[in-house]
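> Counting in our numbering, the sequence shown runs from 814 upward without gaps.
To be clear, the hints were calculated from the coordinates, so they are not data collected in a lab. Treat the hints with care, as some may be off.
[Said to hold, decoys possible] Restricting the straight-line Cα-Cα distance to at most 25 Å, the calculated cross-link-like pairs of lysine-lysine (BS3-like) are: (1) Lys902 - Lys964; (2) Lys902 - Lys922; (3) Lys894 - Lys1169; (4) Lys1154 - Lys1169; (5) Lys1128 - Lys1100; (6) Lys880 - Lys1130; (7) Lys1061 - Lys880; (8) Lys1154 - Lys1166; (9) Lys894 - Lys1129; (10) Lys1128 - Lys859; (11) Lys964 - Lys894; (12) Lys902 - Lys1128; (13) Lys922 - Lys859; (14) Lys1130 - Lys1108; (15) Lys1100 - Lys1130; (16) Lys880 - Lys1128; (17) Lys1129 - Lys922; (18) Lys1154 - Lys1108.
[Said to hold, decoys possible] Okay, the calculated beta carbon distance ranges per label pair: (19) Val919 - Thr1175: 37 to 47 Å; (20) Asp925 - Arg1018: 53 to 63 Å; (21) Pro881 - Pro1025: 16 to 26 Å; (22) Asn899 - Lys1061: 40 to 50 Å.
Predicted, not measured: the structure shown is a model, and the values here were computed from it. All C-beta atoms in this analysis are idealised placements derived from N, C-alpha and C, irrespective of residue type, glycine included.
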Amino acid sequence: MQVDENPAITAAAGGHDGLIETDAVIVGAGPVGLFQVFELGLLEIKAHVIDSLAYPGGQCIELYPDKPIYDIPAVPMCTGKELTDNLLKQIEPFGATFHFGHEVSVVRKQDDGRFYVETSRGTRLLSKTVFIAGGVGSFQPRTLRVDGIEKFLDTQLFYRVKSPAQFAGRNLVIIGGGDSALDWTLNFVQDGPHRAESVILMHRRDAFRAAPASVAKMRELCEAYEMQFVVGQATGFEEQDGRLSRLKVTGSDGVTRVVPLDMLLVFFGLSPKLGPIADWGLGVDRKQLVVDTEKFETTVPGIFAVGDINTYPGKKKLILSGFHEAALAAFGAAPYVFPEKRILLQYTTTSPKLHKVLGVETPVFD
């Protein structure tokens, strides 16, 4: 994996006046964006990958690096980090260049059919194709609306869990009624290296959007006095020596109570924003990019969208669906990259050509 985080380096990558010429630009380095590198690589299409995060993995790393994933084919269970690490290893033979900490600010089609791409840090590329694998786009957590509480952000107030170990042995209040709130509640209550001293789950009503099994387990732990569940909303706070010490909670009965805590975790979900993508002239439906189901091409020829950012009839937001989309998008892009070349479907099991591309030996069978 080549990493180019400095716009001043780009002149060495080819082109003129620092303009990088490439076959494909992939916007987004989440699991689907990484697998797009693989599918393009099998067709000998070179790619540059751009991501606004400082590291690969997308939502898997940003939101749940240690959370188990069970629906990757032939992998009974892996974490978001393990999935990312394995994908990076899988795409090593193709030598993709990564631009981390960059946001794509400009995508403009040129007279010759290629796309001029510019990032927020001044990197400029000229590409035959563009693949948008930006997940839900630029996403931000929905915040807790309590005046003044944001000053504790990332010290005692958290909207995502990056390091579960920092919450071990602490008195936690967790707010939310979805899967993230219930999953982390169960993680911090049950025996393990991240067990908290105490956990109070708070939600505005006694009904949840989470998996029924998680809700049942939470109620079972409450009955066993392992944790508490409170119906109410945070309406204020108290501090001591500059630290958040108590949360004011107003219940459905209108009574406000004070709850002591060390740390506050809030899971109200994410608010997706397309960001600059909304200005690229692509067909959009409910903040998602409209694509066909033959090539997963957008309404602009040569620009493809794969993963959670696209929409089509029957769309399911699953990683494995994104992998399928990436395969067909690669074949859809090949005529733009190799207009005179006939593209044949080959199998990695038996194709000597693909073995050469992958850097492996062709097996000899008796």
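> All hints, please: hold or fail.
Do the hints match the structure? See the list:
Between Lys902 and Lys964 the alpha-carbon distance is near 40 Å, which puts this suggested pair outside the 25 Å criterion. This hinted pair does not check out: Lys902 and Lys922 have alpha carbons roughly 33 Å apart, beyond 25 Å. With a C-alpha separation of about 29 Å, the suggested pair Lys894 and Lys1169 falls outside the 25 Å cut-off, and the hint is violated. Proximity of Lys1154 to Lys1169 is assessed by CA-CA distance (about 19 Å); at most 25 Å being required, the pair is judged to hold.
Note on Lys1128 and Lys1100: the hinted pairing holds, with a Cα-Cα distance of about 14 Å set against a maximum of 25 Å. Simply put, Lys880 and Lys1130 have alpha-carbon atoms about 18 Å apart, close enough for the 25 Å limit, and the pair holds. Proximity of Lys1061 to Lys880 is assessed by CA-CA distance (about 30 Å); at most 25 Å being required, the pair is judged violated. For the given pair, Lys1154 sits about 15 Å from Lys1166 by alpha-carbon distance, which is consistent with the 25 Å threshold.
A threshold of 25 Å between alpha carbons decides the hint, and for Lys894 with Lys1129 the separation of about 22 Å falls inside it, so the pair holds. With a CA separation close to 28 Å, the supplied pair Lys1128 and Lys859 exceeds the 25 Å bound. Under the criterion of a C-alpha separation no larger than 25 Å, the hint pairing Lys964 with Lys894 is inconsistent with the structure, at around 30 Å. For the hint linking Lys902 to Lys1128, the alpha-carbon distance of about 29 Å lies beyond 25 Å, and the restraint is violated.
Restraint check for Lys922 and Lys859: the C-alpha separation of about 19 Å stays at or below 25 Å, so the hint holds. Of the pairs offered as hints, the one joining Lys1130 and Lys1108 holds, with about 17 Å between alpha carbons and a cut-off of 25 Å not exceeded. The straight-line distance between the Cα atoms of Lys1100 and Lys1130 is roughly 14 Å, inside the 25 Å bound, and the hint therefore holds. For a cut-off of 25 Å, the pair hint linking Lys880 to Lys1128 stands: about 24 Å separates their Cα positions.
Straight-line distance between C-alpha atoms of Lys1129 and Lys922 comes to about 30 Å, which puts the hinted pair past the 25 Å bound. Pair hint Lys1154 plus Lys1108 holds up; C-alpha atoms about 18 Å apart against a cutoff of 25 Å. Roughly 43 Å separates the CB atoms of Val919 and Thr1175, a value that falls within the hinted 37 to 47 Å. Between Asp925 and Arg1018 the CB atoms are about 58 Å apart, so this pair conforms to the stated range of 53 to 63 Å.
A C-beta distance of roughly 18 Å is found between Pro881 and Pro1025, which places it inside the suggested range of 16 to 26 Å. Judged by the Cβ atoms, the range 40 to 50 Å given for Asn899 and Lys1061 holds: they are separated by roughly 46 Å.
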